[in-house]
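Trainee: The hints should help you fit chain B onto chain A, whose structure is shown.
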Amino acid sequence: MNTRALPLYATIVIFLLAYAICWLQFPAMLSTRVIGNLLTDNAYLGIVAVGMTLVILSGGIDLSVGSVIAFSGVFIAVLLRDSSLHPLVVFAMLLALTTAFGAAMGFLIHRLAMPAFIVTLAGMFLARGAAYMLSIDSVPITHPFYETIQDAYWLMPGKGRLRLIGILMLLIVLAGMIIAHKTRFGASVYALGGGEATARLMGVRQGRTTILVYAFSGCMAGLSGIVFSIYTGSGYSLATVGTELTAIAAVVIGGTLLTGGAGYMFGTLIGVLTMGLIQTYIVFDGTLSSWWTRIVIGILLLVFILLQKGLLKLSQSRLIEAAADR
Amino acid sequence: MLLSIRSLTKTFPGTLALDGVDFDLATGEVHALLGENGAGKSTLIKCLTGAYHRDGGTVALDGAEIAPRSTVEAQELGIGTVYQEVNLLPNLTVAQNLMFGREPRRFGLINTRAMRAEAREMLRQYGLELDVDRDLGNYSVAIQQIIAIARAVALSGKVLILDEPTASLDAREVEMVFDVVRGLRERGLGIVFVSHFLDQVFELTDRVTVLRNGRKIVTERTADLDRMSLIEHMLGRALEEEVEQQGAGKAAATHPDLLHFEGVGRHGVIEPFDLTIGQGEVVGLAGLLGSGRTESAELIFGVRPAQTGSARDEKGALDLKSPRAAIAAGFGFAPEDRKTDGIVADLSIRENIVLGLQAQRGWARPIPRAEQNRLAEDYIRRLDIRTSGREKPVGDLSGGNQQKVVLARWLAMNPRFLILDEPTRGIDVGAHAEILRLIHDLTGAGMSVLVISSEIEELVAVSDRVIVLRDRRHVAELRGERVAPDAIMRAIARDGTGDGETARCC
Numbered sequence: 001m002n003t004r005a006l007p008l009y010a011t012i013v014i015f016l017l018a019y020a021i022c023w024l025q026f027p028a029m030l031s032t033r034v035i036g037n038l039l040t041d042n043a044y045l046g047i048v049a050v051g052m053t054l055v056i057l058s059g060g061i062d063l064s065v066g067s068v069i070a071f072s073g074v075f076i077a078v079l080l081r082d083s084s085l086h087p088l089v090v091f092a093m094l095l096a097l098t099t100a101f102g103a104a105m106g107f108l109i110h111r112l113a114m115p116a117f118i119v120t121l122a123g124m125f126l127a128r129g130a131a132y133m134l135s136i137d138s139v140p141i142t143h144p145f146y147e148t149i150q151d152a153y154w155l156m157p158g159k160g161r162l163r164l165i166g167i168l169m170l171l172i173v174l175a176g177m178i179i180a181h182k183t184r185f186g187a188s189v190y191a192l193g194g195g196e197a198t199a200r201l202m203g204v205r206q207g208r209t210t211i212l213v214y215a216f217s218g219c220m221a222g223l224s225g226i227v228f229s230i231y232t233g234s235g236y237s238l239a240t241v242g243t244e245l246t247a248i249a250a251v252v253i254g255g256t257l258l259t260g261g262a263g264y265m266f267g268t269l270i271g272v273l274t275m276g277l278i279q280t281y282i283v284f285d286g287t288l289s290s291w292w293t294r295i296v297i298g299i300l301l302l303v304f305i306l307l308q309k310g311l312l313k314l315s316q317s318r319l320i321e322a323a324a325d326r
Numbered sequence: 001m002l003l004s005i006r007s008l009t010k011t012f013p014g015t016l017a018l019d020g021v022d023f024d025l026a027t028g029e030v031h032a033l034l035g036e037n038g039a040g041k042s043t044l045i046k047c048l049t050g051a052y053h054r055d056g057g058t059v060a061l062d063g064a065e066i067a068p069r070s071t072v073e074a075q076e077l078g079i080g081t082v083y084q085e086v087n088l089l090p091n092l093t094v095a096q097n098l099m100f101g102r103e104p105r106r107f108g109l110i111n112t113r114a115m116r117a118e119a120r121e122m123l124r125q126y127g128l129e130l131d132v133d134r135d136l137g138n139y140s141v142a143i144q145q146i147i148a149i150a151r152a153v154a155l156s157g158k159v160l161i162l163d164e165p166t167a168s169l170d171a172r173e174v175e176m177v178f179d180v181v182r183g184l185r186e187r188g189l190g191i192v193f194v195s196h197f198l199d200q201v202f203e204l205t206d207r208v209t210v211l212r213n214g215r216k217i218v219t220e221r222t223a224d225l226d227r228m229s230l231i232e233h234m235l236g237r238a239l240e241e242e243v244e245q246q247g248a249g250k251a252a253a254t255h256p257d258l259l260h261f262e263g264v265g266r267h268g269v270i271e272p273f274d275l276t277i278g279q280g281e282v283v284g285l286a287g288l289l290g291s292g293r294t295e296s297a298e299l300i301f302g303v304r305p306a307q308t309g310s311a312r313d314e315k316g317a318l319d320l321k322s323p324r325a326a327i328a329a330g331f332g333f334a335p336e337d338r339k340t341d342g343i344v345a346d347l348s349i350r351e352n353i354v355l356g357l358q359a360q361r362g363w364a365r366p367i368p369r370a371e372q373n374r375l376a377e378d379y380i381r382r383l384d385i386r387t388s389g390r391e392k393p394v395g396d397l398s399g400g401n402q403q404k405v406v407l408a409r410w411l412a413m414n415p416r417f418l419i420l421d422e423p424t425r426g427i428d429v430g431a432h433a434e435i436l437r438l439i440h441d442l443t444g445a446g447m448s449v450l451v452i453s454s455e456i457e458e459l460v461a462v463s464d465r466v467i468v469l470r471d472r473r474h475v476a477e478l479r480g481e482r483v484a485p486d487a488i489m490r491a492i493a494r495d496g497t498g499d500g501e502t503a504r505c506c
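Protein chains in written order, with the UniProt record's numbering: chain A, 1 to 326; chain B, 1 to 506.
In case anyone wonders, no lab produced these hints; they're calculated from the structure.
Taking lysine to aspartate or glutamate and the EDC-like style, the derived pairs with C-alpha atoms no more than 20 Å apart in a straight line are:
1. Lys392(B) to Glu377(B)
2. Lys182(A) to Asp133(B)
3. Lys392(B) to Glu351(B)
4. Lys158(B) to Asp206(B)
5. Lys182(A) to Glu118(B)
6. Lys321(B) to Glu262(B)
7. Lys158(B) to Glu186(B)
8. Lys46(B) to Glu196(A)
9. Lys46(B) to Glu65(B)
Where chain A lies over chain B, by a calculated footprint (3+ residues, C-beta under 8 Å):
10. 84-91
11. 103-116
Think of the CB as a built atom: it goes at the ideal place given N, C-alpha and C, for glycine as much as any other residue.
Only chain A is shown next, with the shape it has when bound in the complex (with noise of 0.2 Å):
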């Protein structure tokens, strides 16, 4: 068996093990209609953090999604509340926006050798700014499409909605899967990831990757925006402050290495699902702060960390042993 999955078996186990003990406090955790709202609460956590994952995957980073989101967002309700345009010209529109913007970014980073970390540090502060010159206040949406949207379920067995949201957060995970694990341009991506010098050397186009990379998660981002949006029903330059962090330790948490190189993009889906089920647990308890979330989400990351380290060091002693047996 590879090392290299057992973070993602490691978050698999922690994620059953955490809903059988809610389950065992509260036996209604285990009805649809939690798993419902779980999925579709997190709906456009999940279709950023799928965005994340590559980028992470490839060895970089992309801070600018948060900003992305809440921009995408406030577009939205402006464009509707100003113009007559259909919803879904006003999606296509953003869509191509958010994705230029991050393939703008991937251009720089690529282009100008920079970090990854400062040229999206950049995106973030511009997005945010743009979000604000379009609109200082919560702008509501009241178009009829996005009641129609926002009424869109398929009822589970057991009363639980599925949400129209999260059905499209679980496709984009699908999507997600099929890119990072099946297509020549997933495979480039694990190959930036593990070394670019190397990559390089075995034929991967460094530049076309890079640029592609962020231009998804950008892509990812914008799409993430409107299922906020068709979730808030408004538009908001001050929302999702932070996401980006949340995403990444959705990612993280999931068991992909932050160095890169190394996860699974199913494992993000847990990792979402596992941030989630502790905000879940705090509702039912009712007595608890929200701020235990990020404390438990804190020590998950640490755990996680801790867990990559020890894999390493397991593999390479393996090895060495491997060596002196011989």
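Mentor: Chain B only, in chain A's frame:
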């Protein structure tokens, strides 16, 4: 001829790296490319793989002239390369590594099953049965190296360049890789083999080309060469006159023992060796590049931890787990690569000199500025460092003066045992002599010195005793009158059999 290179020339600012080199490679041939550091081997290889672009001459593959501009282009033309450090991705599976960029696809998506089957089939040709779904990093370097060869052959398939593929393998693993190379030779590939291990060259190759200082010295059938002549080709024969000056005056002085190292070794780096250093003695380490000279010093100084062995002085056991421990034991180490490991180029001479001393005292007890100035002035005068002032950045000094600053730093810490790795590399002739004189002076004052050098005449000039290394092993010890270029060369050249007179195998 499969590959034919004519009067290949490549210049870098200030140096002529390749000067009209000719090189031929036939199909079904393993052709060794030999030379010391800076001889032009890697430049030649980089011109072939597209990493460099040649300035003059022609390169023809199958009769057609080629000028690859990138590794990928060279691969497409049929030239594949495998480097010393495996250039594959340890975080991908074996199958992904083998098939990267040519994965079989179905409906636009990678067909994992077909990829696995194809990878398994590729490895079967090399006699390997592996779980191709495991990460490459789970396998030993030898297996990784064979996988790298399999990938290179599958991608290019005419010329295979092996750039020191065996440098980090043990004997059994080397044999494994060699079997693979022999199989490829039978399949009609032309193979360029670069190695520092002469045993391997004689075991594997059909012809040998020796480069020295960017020129081709000789191309011959391996069977027609013996080790001695090969080493002469590599090191040059400009030694005679130096010998004249030496010879006399080398009394076999006795030195009281200062340090004992017993069974110090590390798997895959250097075989366990014993070494005794006398007080005020200069011990030279001779051997070809890659024979384990620097590695021996690194183990003694704790740069790389030794897996076996112990060290002691007259007072008792010494713990040499880290450079810090070695410094505490009174050792000093001026490494080979001065620019990256020795000096801090942007700091002044004064700052560089007091650096080690300050580190020893700890940050809480800063050395007073007046004391720093005094130290710096003192060493600038004593070592004759040519500079306009003590505050000049070290990076602005010439190589020889930089080396003196590195020495000054160690001397300021007053070590009893100093290791100098290639102390005269890149230094002009005048400074060269000064450094050698300085070593003499230091030992006169009771310091012990271990000198590593690839210039045999330099070792002869400075050493009381010379230890010869070959294939990561201490193979012989020469003392007194036997410290002479001919004897050293013979000891480097002698193959495994050894002779009882001087060989003291460890």
